[in-house]
Amino acid sequence: MFESAKLPQKMNKKTFKKLEPELREALLAAQLPMIENKPFSTLILVDGLDGAGKGEAVARLYGWMDARHLVCNAYGEPLDEARRRPPLWRYWRDLPAKGDTAIVFGSWYQSVLRDWIYKKIDEDAFEKMLVRIRRFEEMLANEDVLILKFWFVLPREVQEERLKQIKKKHAARHVLADWAALKHHKKASEAGEKIILETSKGFAPWFVIPSQDPEYRDAALAQTVASAMKLKLNEGETHSVSAPPVVGGLQKETAVDMIDLTEKLDKAEYEKQRDRYQKILSELSDRKSMSKTGVVLVFQGNDAAGKGGAIRRVIRPLDPRIYKVHPISAPTDEENARPYLWRFWRRVPPKGHFAIFDRSWYERVLVERVEGYAGHEDWLRAYNEINEFEQELTDFGYIVCKFWLAISEEEQLRRFKAREDTAYKQHKITDDDWRNRLKWDQYAIAAGDMIDRTSTNYAPWTLVSAENKKHARIKVLRTICESLEERL
Numbered sequence: 001m002f003e004s005a006k007l008p009q010k011m012n013k014k015t016f017k018k019l020e021p022e023l024r025e026a027l028l029a030a031q032l033p034m035i036e037n038k039p040f041s042t043l044i045l046v047d048g049l050d051g052a053g054k055g056e057a058v059a060r061l062y063g064w065m066d067a068r069h070l071v072c073n074a075y076g077e078p079l080d081e082a083r084r085r086p087p088l089w090r091y092w093r094d095l096p097a098k099g100d101t102a103i104v105f106g107s108w109y110q111s112v113l114r115d116w117i118y119k120k121i122d123e124d125a126f127e128k129m130l131v132r133i134r135r136f137e138e139m140l141a142n143e144d145v146l147i148l149k150f151w152f153v154l155p156r157e158v159q160e161e162r163l164k165q166i167k168k169k170h171a172a173r174h175v176l177a178d179w180a181a182l183k184h185h186k187k188a189s190e191a192g193e194k195i196i197l198e199t200s201k202g203f204a205p206w207f208v209i210p211s212q213d214p215e216y217r218d219a220a221l222a223q224t225v226a227s228a229m230k231l232k233l234n235e236g237e238t239h240s241v242s243a244p245p246v247v248g249g250l251q252k253e254t255a256v257d258m259i260d261l262t263e264k265l266d267k268a269e270y271e272k273q274r275d276r277y278q279k280i281l282s283e284l285s286d287r288k289s290m291s292k293t294g295v296v297l298v299f300q301g302n303d304a305a306g307k308g309g310a311i312r313r314v315i316r317p318l319d320p321r322i323y324k325v326h327p328i329s330a331p332t333d334e335e336n337a338r339p340y341l342w343r344f345w346r347r348v349p350p351k352g353h354f355a356i357f358d359r360s361w362y363e364r365v366l367v368e369r370v371e372g373y374a375g376h377e378d379w380l381r382a383y384n385e386i387n388e389f390e391q392e393l394t395d396f397g398y399i400v401c402k403f404w405l406a407i408s409e410e411e412q413l414r415r416f417k418a419r420e421d422t423a424y425k426q427h428k429i430t431d432d433d434w435r436n437r438l439k440w441d442q443y444a445i446a447a448g449d450m451i452d453r454t455s456t457n458y459a460p461w462t463l464v465s466a467e468n469k470k471h472a473r474i475k476v477l478r479t480i481c482e483s484l485e486e487r488l
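Quick note on this note's numbering: the sequence shown kicks off at 1 and runs consecutively.
Careful: at least some of the hints might be erroneous.
As the list claims (entries may be wrong) - Result set (EDC-like, lysine to aspartate or glutamate): computed pairs, CA atoms no more than 20 Å apart in a straight line:
id	residue 1	residue 2
1	Lys-428	Glu-410
2	Lys-351	Glu-485
3	Lys-201	Asp-257
4	Lys-439	Glu-482
5	Lys-13	Glu-25
6	Lys-279	Glu-482
7	Lys-428	Glu-409
8	Lys-18	Glu-215
To be clear, the hints were calculated from the coordinates, so they are not data collected in a lab. Only a predicted model underlies this, so the values are computations on that prediction, with no experimental measurement involved.
Please work from the sequences and hints to get the whole structure.
So this is what it looks like as structure tokens:
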């Protein structure tokens, strides 16, 4: 695959000088409409062997494009903030907004390459990591991110000479990556070839850039970027669907319909169990082993089902320094300019901490589905994307507890009226609540589909009868304690 690296791909300086204005014009002709109309964002991954001149090529690209809408993200070994979160967290955090372009050095392929070269992973683990990367990139592509991946190649003898020159320049030594060193040339090239074969897809293609000649290298990079951006501008939206369709038009019972809403707990028993489980939760959260896991709690349910009250009972025994409650409402302009899960990845807690979501990423398949804020393909695809997000968390050692709090239509009406009649509760009731109530059946179907498609063995749903608030709060506390005890 890297045979082109051995060929004398060259461009004389006179030809390059003549071509340079055309390249700059082509890049700006593609970039400026993207900046103005914001139909997508662009990720340019810069990978390959050290000494290939990746930094020089990117510097020239900056000179030819509008640098105000470019950002260069260079990743080395993860710092403490990133080490305490899943590997993809820092890449999600830094995703560019629509209209902008991010150039990435040290992409998500680096850890895979390093671990493979140093034999820290076997063939099976290597393949699994590539599968996960493909899914990640497909998710981004479906959320209007143009992904262009460049592998810069050099013959071994040319790399050897280049690295000698680089090492003489003290300021340039930081560009050298251990896995890409000369002694690993053969292994790095073999691993790179395998990665390209496995992960070069229509939605995230790889481009091999022969880098012996700087002019040829820089022209090839610029021409490829300009052509890909222009093609993306012209093609419009072409999303894929990676989930089977939801069957409609049939009456069916769902898991939500099977919740026993008659379950109750009297005040004395409630207070006894509340004190017991809050004490257990406090002790569990103080264990040394908590530093090895993070806890993500998700609260969904009917409007007025008591999510806020349940959350207050959970946080009461916790040290405020180790938890954060995230009330989720409609996305902001900043959030809408990026892939849907971006705003939730940003809120992933470090290990040793709790993140508590009052509503969550599941709004994509609930309110956005029912109200038509998300297209059919978008919310249908979201089931798989959510499952993969939660698997990223649990594979990294997180505990994910998800609660659906259910009440009857009659109980909801009673609580709505009580909120209107109680001064300090009036802020809890809005016109949207009454409008949503008119679509009770549609929300019930959406909730049933959500539970069917996203209750996994690694992140199961807990269905909570919330007709009696005391019963609901105890079930939530007990479930969290049991989940932590099992892990810790």
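Results of checking the hints against the structure:
1. For the suggested pair Lys-428 and Glu-410, the alpha carbons sit about 18 Å apart, so the restraint of at most 20 Å is met.
2. A distance of roughly 16 Å separates the Cα atoms of Lys-351 and Glu-485; the hinted pair therefore holds under the 20 Å criterion.
3. This hinted pair does not check out: Lys-201 and Asp-257 have alpha carbons roughly 42 Å apart, beyond 20 Å.
4. The hinted pair formed by Lys-439 and Glu-482 fails the criterion: a straight-line CA distance of about 35 Å is larger than 20 Å.
5. For a cut-off of 20 Å, the pair hint linking Lys-13 to Glu-25 stands: about 19 Å separates their Cα positions.
6. Restraint check: the Cα-Cα separation between Lys-279 and Glu-482 comes to about 13 Å, which is no more than 20 Å; the hinted pair holds.
7. Of the supplied pair hints, the one linking Lys-428 and Glu-409 holds, its CA atoms being roughly 17 Å apart against a limit of 20 Å.
8. Annotation: proposed proximity of Lys-18 to Glu-215 holds, straight-line Cα distance about 12 Å (limit 20 Å).
The structure fails hints 3 and 4 (numbered hints given earlier, in ascending order).
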